[in-house]
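As given, the protein sequences belong to chains Y and C, one line each in that order. Note that UniProt numbering numbers the first sequence so that position 8 is 8, with each residue one more than the last. Note that UniProt numbering numbers the second sequence so that position 188 is 188, with each residue one more than the last.
Keep in mind that the hints were calculated from the coordinates and are not lab data. The structure displayed is predicted, hence computed values, not measured ones. Where is the CB? At the ideal position from N, CA and C, for every residue including glycine. Where hints are given, some of them may not hold.
What the hints assert, rightly or not - Examples of chain Y residues toward chain C, derived with CB under 8 Å:
{"hint": "1", "residue": "P39"}
{"hint": "2", "residue": "D41"}
{"hint": "3", "residue": "L149"}
{"hint": "4", "residue": "M154"}
{"hint": "5", "residue": "M155"}
{"hint": "6", "residue": "A156"}
{"hint": "7", "residue": "A158"}
{"hint": "8", "residue": "Q162"}
{"hint": "9", "residue": "F164"}
{"hint": "10", "residue": "L167"}
{"hint": "11", "residue": "P170"}
{"hint": "12", "residue": "W247"}
{"hint": "13", "residue": "E251"}
What the hints assert, rightly or not - Calculated from the model, a selection of chain C residues having no Cβ within reach of chain Y, i.e. all distances over 10 Å:
{"hint": "14", "residue": "E17"}
{"hint": "15", "residue": "L90"}
{"hint": "16", "residue": "E98"}
{"hint": "17", "residue": "I103"}
{"hint": "18", "residue": "I109"}
{"hint": "19", "residue": "I121"}
{"hint": "20", "residue": "S156"}
{"hint": "21", "residue": "L158"}
{"hint": "22", "residue": "P179"}
{"hint": "23", "residue": "H186"}
{"hint": "24", "residue": "P205"}
{"hint": "25", "residue": "R218"}
{"hint": "26", "residue": "N245"}
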Amino acid sequence: MINNLLKGWRPALVLLLLFIIWEMAVKLADIPAWLLPPPTDILKEAIEGWGNFHEHLQSTIKLSLLGFVIGSSVGLLTAIILHLIPMVRESIYPLLILSQNVPIIVLAPLLVIWFGFGLMPKIIVITLVCFFPITVAALDGFRQTPNELKHYMMMAGANRRQLFWKLELPFSLPAIFSGLKISATYSVMGAVISEWLGAKSGIGVYMTLASSSFRTDRVFVAILFIMILSLLLFLLILLAEHFLVRWKRMEAERK
Amino acid sequence: MSLLSIENVSKRFGENEVIRGLSLDVKAGEFVSILGPSGSGKSTIFNLIGGLLTPDEGTIRLQKESIIGKRGSISYMPQTPSLLPWRTILHNVLLGQELQGNINREKAIEMIEKAGLKEYIHSYPHELSGGMKQRVAFIRALLSPQPIILLDEPFSALDEWTRLGMQKWLLDIWDSHRPTILFVTHNIEEALFLSDRIFVLSHRPSHVISELKVPFSRPRNEELLLENRFLESKRTIHFALKRSNRE
Numbered sequence: 001m002i003n004n005l006l007k008g009w010r011p012a013l014v015l016l017l018l019f020i021i022w023e024m025a026v027k028l029a030d031i032p033a034w035l036l037p038p039p040t041d042i043l044k045e046a047i048e049g050w051g052n053f054h055e056h057l058q059s060t061i062k063l064s065l066l067g068f069v070i071g072s073s074v075g076l077l078t079a080i081i082l083h084l085i086p087m088v089r090e091s092i093y094p095l096l097i098l099s100q101n102v103p104i105i106v107l108a109p110l111l112v113i114w115f116g117f118g119l120m121p122k123i124i125v126i127t128l129v130c131f132f133p134i135t136v137a138a139l140d141g142f143r144q145t146p147n148e149l150k151h152y153m154m155m156a157g158a159n160r161r162q163l164f165w166k167l168e169l170p171f172s173l174p175a176i177f178s179g180l181k182i183s184a185t186y187s188v189m190g191a192v193i194s195e196w197l198g199a200k201s202g203i204g205v206y207m208t209l210a211s212s213s214f215r216t217d218r219v220f221v222a223i224l225f226i227m228i229l230s231l232l233l234f235l236l237i238l239l240a241e242h243f244l245v246r247w248k249r250m251e252a253e254r255k
Numbered sequence: 001m002s003l004l005s006i007e008n009v010s011k012r013f014g015e016n017e018v019i020r021g022l023s024l025d026v027k028a029g030e031f032v033s034i035l036g037p038s039g040s041g042k043s044t045i046f047n048l049i050g051g052l053l054t055p056d057e058g059t060i061r062l063q064k065e066s067i068i069g070k071r072g073s074i075s076y077m078p079q080t081p082s083l084l085p086w087r088t089i090l091h092n093v094l095l096g097q098e099l100q101g102n103i104n105r106e107k108a109i110e111m112i113e114k115a116g117l118k119e120y121i122h123s124y125p126h127e128l129s130g131g132m133k134q135r136v137a138f139i140r141a142l143l144s145p146q147p148i149i150l151l152d153e154p155f156s157a158l159d160e161w162t163r164l165g166m167q168k169w170l171l172d173i174w175d176s177h178r179p180t181i182l183f184v185t186h187n188i189e190e191a192l193f194l195s196d197r198i199f200v201l202s203h204r205p206s207h208v209i210s211e212l213k214v215p216f217s218r219p220r221n222e223e224l225l226l227e228n229r230f231l232e233s234k235r236t237i238h239f240a241l242k243r244s245n246r247e
C-alpha cells in the first residue's frame, strides 16, 4: 500500500504538467474567465469561497454517505436473496439489468413528482446507481465458490445457512469489495445529480447556481471537490478491504 | 457388530449404471479400505454414505439407523485439503466441530501440537506445504464428533516421498486414537499397508469382487512394504482385479 502511494508521484507529475499547460494556454490565448478560467483562479476561488462552500460540501458528504450505505446494503441484500432463492434469481436478474438502462436524468423528475423534494427521491437515485455493481459482484463471488470446498462442507453436514455464512460469504468478500469500490465513486456522482432535483444545499445546488450565473471558476471548484470526495471514499473502502480480506492479499504476495 | 453397513446398494445416473448390488460393512474401531480402479464409482459411494446422493436400491445404516439422504452423519476428509483460506489452521481444524455445534478448543490445540504443527497454529493454509495441509484436514475430520471418518484418496495428490511419510503418520495417529475409518484408494500398496480389511471393487458398474483380511500385525513400518508376504498379497489383489477386468 505504501509502495502504491510512493508510486503516486508519477500521475501527480502528469497532473501538474497538465495544469501548467492549461494555465499557459489560457494566458497566451487570452481566453475570457467565464469560458475557461486558469487553474490559479480556480484555486483562489476554492480558498476565498470556502466559507460559503463548506456548507454545500458538508450536505453532499452526508447525502453520499447515507446513500452509499443504503445503496450498498440494498445491493448486498438483493444479491443474497437472488443467490439463496434460485427461482427469484431467474425471474428478477434480467430486470435488474434493465433497471440500469433507465436514464437517471429522465427518472429524477418523475421521482420528484412521486415523492416530493425530501430525502426520499435523492436516496432512491443514489441507490439506483449504487446497488447494481455490488449485486453483480457479490452474485459472481457467491457463484464462484470452489466446488471442492462446497463438497466438503456438504459432506461434513453443513446446512444451507452454515454453507452461506461460513463459506460463500467470506469467500466472496474480495468480489464484494470490488463492487463497493465502484459504488463508492458512483455514490458521490449520484448525490450531486440528486441535488439537481432541488435541494437547499449541496455541491449539486452550488454547481447549478454557478453555471447559470457564468461563474465557471465555481463550476470547476465543484468538480474538484467531487473528485476529491470520490477519491476519499474510494480510499476508505480500500482501507476496510486491507483489514478485512487480509488472507487474499497474503496469498497473492506469496505467489 | 458393524458400525456402518451397506447392503445391496445400486445407483445409476440415467443410462450410466455406476454401482450394482454393492455390499460392505465396517466394524467399530476398524480401518477398512475400498480399493478400486479409477472410475469405479468410489466417489459415488462416498456421496451416497454422506447423504449427498440417494441410492436407487439398497440400505445404508450407521449404528443400525438408516442414513440415506442424511447429511452430517459421517466425518469426511476429501482428496484436496479443502481448507478455508481465510481461517487460521486452528479455526480450520475447528470447522468440523463447529458445523455440528460443540467446540473443543483445547483438544484441537493439543492435536495440532501432536501433529507437529505447533508453530503453524495461527498461520493460514497457504503458508503450509501440501502434506501439512492434508494433516490439518485429517485432524479436522478426526476432531469432528461423528463415529466414522471417510477418507477419499487423501494422499493421491502428494508426491511419492511425502505420501509414504503421510501414511506412516496416519498409522501412528490411528494407533493412538483408534477411530473407525473407511478409506478409498486406487493404490494397492496403500490399502495393504494401512488397513485391516480391504474391499476390492470391479469396474463399472461396480460391486465387491473380493474381500480381503489384511494378515499383517500392527504396528507396521515401512520395511513391510518390501517383504515377500506383502508382495504376495499385492499379487493376489492385482490378479483379482485383472480377472474381473476380463469378465
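Against the structure, the hints:
{"no.": "1", "hint": "P39", "result": "violated, 46 Å"}
{"no.": "2", "hint": "D41", "result": "violated, 51 Å"}
{"no.": "3", "hint": "L149", "result": "holds, 5 Å"}
{"no.": "4", "hint": "M154", "result": "holds, 6 Å"}
{"no.": "5", "hint": "M155", "result": "holds, 4 Å"}
{"no.": "6", "hint": "A156", "result": "holds, 5 Å"}
{"no.": "7", "hint": "A158", "result": "holds, 5 Å"}
{"no.": "8", "hint": "Q162", "result": "holds, 6 Å"}
{"no.": "9", "hint": "F164", "result": "violated, 13 Å"}
{"no.": "10", "hint": "L167", "result": "holds, 7 Å"}
{"no.": "11", "hint": "P170", "result": "holds, 5 Å"}
{"no.": "12", "hint": "W247", "result": "holds, 4 Å"}
{"no.": "13", "hint": "E251", "result": "holds, 5 Å"}
{"no.": "14", "hint": "E17", "result": "holds, 23 Å"}
{"no.": "15", "hint": "L90", "result": "holds, 14 Å"}
{"no.": "16", "hint": "E98", "result": "violated, 7 Å"}
{"no.": "17", "hint": "I103", "result": "holds, 13 Å"}
{"no.": "18", "hint": "I109", "result": "holds, 20 Å"}
{"no.": "19", "hint": "I121", "result": "holds, 16 Å"}
{"no.": "20", "hint": "S156", "result": "holds, 14 Å"}
{"no.": "21", "hint": "L158", "result": "holds, 16 Å"}
{"no.": "22", "hint": "P179", "result": "holds, 15 Å"}
{"no.": "23", "hint": "H186", "result": "holds, 18 Å"}
{"no.": "24", "hint": "P205", "result": "holds, 23 Å"}
{"no.": "25", "hint": "R218", "result": "holds, 28 Å"}
{"no.": "26", "hint": "N245", "result": "holds, 29 Å"}
Of the hints listed earlier, those the structure fails to meet are numbers 1, 2, 9, 16, in rising order.
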